[in-house]
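> Use the sequences and the hints to build the structure in full.
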Amino acid sequence: MEPIYLDHNATTPVDPAVIESMLPYLGGRFGNASSVHQFGRDAKVALENAREQIAAFINCEPAELYFTSGGTESDNMAVLGTAYYLRSKRNHLIIGATEHHAVLEPAEYLHKKEGFALELLPVDGEGFASSDRLRELVTDKTAIVSVMHANNETGTIQDVASLSEAALHRGALFHTDAVQSTGKIEVDVKQLGVDMLSLTGHKIYGPKGTGALFIRQGVKLAPLLYGGSHEKKRRPGTENVAGAVGLAKALEIAGQRRRQDFDRWSSLANYFVEAVSARIPDVHFNGSRSARLPQTVNLSFQGIEGESIVLALDLEQVAVSSGSACTSGATEPSHVLTAMGIPAIVAQGSIRFSMGRSTTQGQLDYVLEKLPPIVERLRSLSPVYQRSRA
Amino acid sequence: MAKRVLVALSGGVDSSVAALLLKEQGFDVVGSHMKLWDYVDVGGDVHQDGRCCSLDAITDCRMVCDAIGAPFYVLNLSSQFRERVINDFVSEYKAGRTPNPCVRCNADVRWEAFLQKAIEIGCDYIATGHYAFVERNENGRFHVRKGIDGTRDQSYVLWGLTQEALARTLMPLGGLLKPDVREIARRFGLRTAEKPESREICFVADNDYRRFLREWEAKEGRLPDSGDIVFDDGTVVGRHHGTAYFTIGQRKGLGVSHPRPLYVQSIDAERNRVVVGEYDSLLALEFSVRDVNWMAIEAPEEAFEADVKIRYLHTPSPAMVSELPGSTVRVKFSQEQRAITPGQSAVFYRGDVVLGGGIIA
Numbered sequence: 000m001e002p003i004y005l006d007h008n009a010t011t012p013v014d015p016a017v018i019e020s021m022l023p024y025l026g027g028r029f030g031n032a033s034s035v036h037q038f039g040r041d042a043k044v045a046l047e048n049a050r051e052q053i054a055a056f057i058n059c060e061p062a063e064l065y066f067t068s069g070g071t072e073s074d075n076m077a078v079l080g081t082a083y084y085l086r087s088k089r090n091h092l093i094i095g096a097t098e099h100h101a102v103l104e105p106a107e108y109l110h111k112k113e114g115f116a117l118e119l120l121p122v123d124g125e126g127f128a129s130s131d132r133l134r135e136l137v138t139d140k141t142a143i144v145s146v147m148h149a150n151n152e153t154g155t156i157q158d159v160a161s162l163s164e165a166a167l168h169r170g171a172l173f174h175t176d177a178v179q180s181t182g183k184i185e186v187d188v189k190q191l192g193v194d195m196l197s198l199t200g201h202k203i204y205g206p207k208g209t210g211a212l213f214i215r216q217g218v219k220l221a222p223l224l225y226g227g228s229h230e231k232k233r234r235p236g237t238e239n240v241a242g243a244v245g246l247a248k249a250l251e252i253a254g255q256r257r258r259q260d261f262d263r264w265s266s267l268a269n270y271f272v273e274a275v276s277a278r279i280p281d282v283h284f285n286g287s288r289s290a291r292l293p294q295t296v297n298l299s300f301q302g303i304e305g306e307s308i309v310l311a312l313d314l315e316q317v318a319v320s321s322g323s324a325c326t327s328g329a330t331e332p333s334h335v336l337t338a339m340g341i342p343a344i345v346a347q348g349s350i351r352f353s354m355g356r357s358t359t360q361g362q363l364d365y366v367l368e369k370l371p372p373i374v375e376r377l378r379s380l381s382p383v384y385q386r387s388r389a
Numbered sequence: 000m001a002k003r004v005l006v007a008l009s010g011g012v013d014s015s016v017a018a019l020l021l022k023e024q025g026f027d028v029v030g031s032h033m034k035l036w037d038y039v040d041v042g043g044d045v046h047q048d049g050r051c052c053s054l055d056a057i058t059d060c061r062m063v064c065d066a067i068g069a070p071f072y073v074l075n076l077s078s079q080f081r082e083r084v085i086n087d088f089v090s091e092y093k094a095g096r097t098p099n100p101c102v103r104c105n106a107d108v109r110w111e112a113f114l115q116k117a118i119e120i121g122c123d124y125i126a127t128g129h130y131a132f133v134e135r136n137e138n139g140r141f142h143v144r145k146g147i148d149g150t151r152d153q154s155y156v157l158w159g160l161t162q163e164a165l166a167r168t169l170m171p172l173g174g175l176l177k178p179d180v181r182e183i184a185r186r187f188g189l190r191t192a193e194k195p196e197s198r199e200i201c202f203v204a205d206n207d208y209r210r211f212l213r214e215w216e217a218k219e220g221r222l223p224d225s226g227d228i229v230f231d232d233g234t235v236v237g238r239h240h241g242t243a244y245f246t247i248g249q250r251k252g253l254g255v256s257h258p259r260p261l262y263v264q265s266i267d268a269e270r271n272r273v274v275v276g277e278y279d280s281l282l283a284l285e286f287s288v289r290d291v292n293w294m295a296i297e298a299p300e301e302a303f304e305a306d307v308k309i310r311y312l313h314t315p316s317p318a319m320v321s322e323l324p325g326s327t328v329r330v331k332f333s334q335e336q337r338a339i340t341p342g343q344s345a346v347f348y349r350g351d352v353v354l355g356g357g358i359i360a
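If you read the sequences in order, they're chains H and E.
Quick note on numbering: the first sequence equals residues 0 to 389 in numbering that gives the first Met the number 0.
Quick note on numbering: the second sequence equals residues 0 to 360 in numbering that gives the first Met the number 0.
Treat the hints with care, since some could be wrong.
Stated by the list, open to error - What follows is a set of in silico ranges between Cβ atoms, one per label pair, in the way DEER data are often shown: (1) E375(H) with E300(E): 36 to 46 Å; (2) R386(H) with E137(E): 36 to 46 Å; (3) A298(E) with S387(H): 30 to 40 Å; (4) G68(E) with Q385(H): 33 to 43 Å; (5) E300(E) with R386(H): 36 to 46 Å; (6) E368(H) with A360(E): 49 to 59 Å; (7) G139(E) with P280(H): 37 to 47 Å; (8) E368(H) with G68(E): 52 to 62 Å; (9) S78(E) with Q385(H): 17 to 27 Å; (10) L380(H) with S78(E): 11 to 21 Å; (11) L380(H) with G139(E): 22 to 32 Å; (12) K218(E) with L223(H): 51 to 61 Å.
Stated by the list, open to error - Think about it this way: if two alpha-carbon atoms lie no more than 25 Å apart in a straight line, the pair counts; the simulated DSS-like pairs of lysine-lysine are: (13) K43(H) with K231(H); (14) K112(H) with K231(H); (15) K112(H) with K2(E); (16) K43(H) with K88(H); (17) K231(H) with K219(H); (18) K369(H) with K2(E); (19) K111(H) with K2(E); (20) K93(E) with K251(E); (21) K88(H) with K207(H).
Unchecked claim - Listing some non-contacts, in silico: residues in chain H with all C-beta distances to chain E over 12 Å: (22) I18; (23) P23; (24) R256; (25) R258; (26) S307; (27) R376; (28) R388.
Worth flagging that the hints you see were computed from the coordinates, not collected in a lab.
These numbers were taken from a predicted model, which means no experiment stands behind them.
Ideal Cβ placement from N, Cα and C applies to all residues, glycine included.
Dropping the structure here:
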């Protein structure tokens with residue numbers, strides 16, 4: 000049988016129309032966008048067209064959009080770049096407790112090695128951060144507040160607009176990691192009120208290695224790379240023209256499909272969660288039932304390890320992940336679920352099912368057939384589960 | 000349906016070929032690498048190139064599995080390994096004994112946490128690249144028998160496996176010689192075919208266990224205690240900087256001058272003394288063995304004869320095993336043996352079959 004892919008929050012295939020849009024720039028129109036001759040001009044025009052399209056998509060000026068190699072680079076650039084630039088005046092960072100490691104780790108580095116104070120903004124049981132709490136934490140010394148738009152593990156969508164407002168009153172910069180949300184829900188930098196926003200292509204049927212950072216006009220940051228005047232010296236390196244074109248095309252398609260995909264995913268998710276809960280006891284839903292990316296379903300199977308479920312499902316041709324892809328292989332429960340106050344015995348057994356455009360109810364039915372015996376077997380072998388039932 | 004087997008791959012040629020052979024025998028092979036430790040924690044290799052548990056080794060496992068058409072997973076068992084193997088290794092040395100971490104790892108990690116994982120994901124068996132046979136004998140018990148490649152025999156480190164564990168174990172290399180294994184790997188184009196073999200303790204990459212202990216202890220904030228080196232009549236003949244840095248039978252590095260060669264005869268960690276003597280002082284006939292596991296036979300009621308092996312490179316020697324039944328038994332060789340070392344394993348053989356074993360008390 001065809002394997003079933005339910006790990007679209009990790010990555011997606013590239014849409015054929017996106018591949019089509021990129022091909023000319025991998026072949027005949029191969030110029031270096033910095034060259035003065037016609038080959039260069041041609042590439043530069045393609046790059047700037049892509050920039051314009053993406054800027055319009057997130058409602059910013061083209062001049063405010065910088066191409067990067069993806070989400071991790073955008074996040075690092077935002078956190079490290081602004082912190083280094085502001086360090087003499089502001090040496091305090093506030094980072095959401097459920098951030099991706101691409102934000103958390105640079106912040107921890109700044110804290111451990113560069114003397115910045117670091118505060119984690121807590122979240123509630125559904126993963127929401129509170130703007131009132133942020134207002135208490137932010138000070139005149141806060142350089143940057145970074146809270147992600149939609150969480151990669153649970154899909155929980157933060158009220159970024161009210162959080163960014165809370166940061167603003169002390170003059171702190173606000174960054175949001177919109178890697179999972181861009182293309183799946185509306186992302187408008189003005190409505191969100193953010194100074195910086197990270198996005199990537201490969202979560203929305205675009206190519207890997209593509210991404211961008213929105214930097215509001217007037218926000219200053221130190222570059223992480225040196226070596227040329229590309230991207231106004233903020234991100235030197237020969238531009239990935241085909242990637243930029245593909246990213247723009249991927250967003251265009253996502254924009255067209257957004258409402259229809261959203262509704263379809265919502266009903267599939269509801270169907271799946273209900274069916275799992277009906278067939279398997281002691282299942283917990285992690286995240287928000289209302290403000291959530293509907294294609295992300297994070298469930299905990301109490302008393303067993305998520306890793307074992309992932310492997311057992313893989314052997315049944317079903318691809319899912321436990322926690323985020325980056326932490327799988329480690330045995331600690333996910334920091335996201337831990338921050339949400341979910342006890343380890345529940346958090347450890349968490350599985351993220353993330354649907355995509357190709358997901359069908361038939362595929363979910365196959366999972367619903369394979370999953371219960373796997374969970375049952377693991378629980379029969381788990382002294383932890385036996386104890387919790389006794 | 001084909002039986003499913005989880006093969007423990009180290010990144011070396013032996014376990015690669017074990018996986019390949021099982022695949023060819025029609026098993027549903029699943030490959031896996033146990034991540035047991037990290038160079039950051041154990042030190043010893045600045046290049047971190049290619050040994051087990053490095054990223055290069057994991058890549059080799061992954062590519063081999065792809066070549067033979069098996070899924071591959073990395074299983075992180077490092078907390079179990081630290082708790083059961085490394086901590087034991089350190090505390091045994093500190094108690095004046097010479098541990099065998101491979102024995103601990105096999106009994107407490109591979110055939111424990113790893114086997115558990117295998118069962119969890121629906122495997123019927125686990126398999127390894129040990130040069131040994133696992134068989135069921137006429138008494139209905141499972142035992143390990145030495146492989147045909149006498150130079151690679153690894154039965155010595157397998158005495159701790161329980162019957163339940165052995166019932167679920169496959170060792171497909173028992174009937175092969177090392178050159179055959181390399182030839183099979185070459186013929187199949189496995190990238191691990193020419194990989195050099197490592198026989199040291201895996202987490203002591205530079206093979207310098209003293210360096211490992213020193214660094215490990217320093218990280219925990221503990222410093223070694225200096226003390227006396229003495230003859231067994233108590234005469235002080237020198238100073239040592241920590242009893243843990245000595246093993247029985249050691250001749251080099253004592254820093255004691257004496258007309259004839261001196262050897263470490265015993266280690267008295269409690270009184271912080273290292274006892275040295277001349278060659279003859281290392282010879283002994285009798286010793287006790289604790290934590291005994293019976294393999295080919297049920298716990299015997301009466302004394303019996305066996306060939307007993309007391310370290311990895313020792314030739315098994317005839318002995319009487321007595322004071323049965325019990326978890327501690329007495330072994331008496333028919334001829335004196337050199338450097339019977341507490342902490343090492345004593346394995347009881349009948350012919351090539353492992354009857355059982357334990358730890359020298």
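> Confirm or reject each hint.
Structure-based check of all given hints:
no.: 1; hint: E375(H) with E300(E): 36 to 46 Å; in the structure: holds, 43 Å
no.: 2; hint: R386(H) with E137(E): 36 to 46 Å; in the structure: holds, 40 Å
no.: 3; hint: A298(E) with S387(H): 30 to 40 Å; in the structure: holds, 36 Å
no.: 4; hint: G68(E) with Q385(H): 33 to 43 Å; in the structure: holds, 37 Å
no.: 5; hint: E300(E) with R386(H): 36 to 46 Å; in the structure: holds, 38 Å
no.: 6; hint: E368(H) with A360(E): 49 to 59 Å; in the structure: holds, 55 Å
no.: 7; hint: G139(E) with P280(H): 37 to 47 Å; in the structure: holds, 39 Å
no.: 8; hint: E368(H) with G68(E): 52 to 62 Å; in the structure: violated, 25 Å
no.: 9; hint: S78(E) with Q385(H): 17 to 27 Å; in the structure: holds, 22 Å
no.: 10; hint: L380(H) with S78(E): 11 to 21 Å; in the structure: holds, 19 Å
no.: 11; hint: L380(H) with G139(E): 22 to 32 Å; in the structure: holds, 25 Å
no.: 12; hint: K218(E) with L223(H): 51 to 61 Å; in the structure: violated, 33 Å
no.: 13; hint: K43(H) with K231(H); in the structure: holds, 14 Å
no.: 14; hint: K112(H) with K231(H); in the structure: violated, 28 Å
no.: 15; hint: K112(H) with K2(E); in the structure: violated, 52 Å
no.: 16; hint: K43(H) with K88(H); in the structure: violated, 38 Å
no.: 17; hint: K231(H) with K219(H); in the structure: holds, 12 Å
no.: 18; hint: K369(H) with K2(E); in the structure: holds, 18 Å
no.: 19; hint: K111(H) with K2(E); in the structure: violated, 50 Å
no.: 20; hint: K93(E) with K251(E); in the structure: holds, 20 Å
no.: 21; hint: K88(H) with K207(H); in the structure: violated, 37 Å
no.: 22; hint: I18; in the structure: holds, 25 Å
no.: 23; hint: P23; in the structure: holds, 33 Å
no.: 24; hint: R256; in the structure: holds, 33 Å
no.: 25; hint: R258; in the structure: holds, 38 Å
no.: 26; hint: S307; in the structure: violated, 4 Å
no.: 27; hint: R376; in the structure: violated, 7 Å
no.: 28; hint: R388; in the structure: holds, 18 Å
Taken one by one, the earlier hints fail for this structure at numbers 8, 12, 14, 15, 16, 19, 21, 26 and 27, listed in ascending order.
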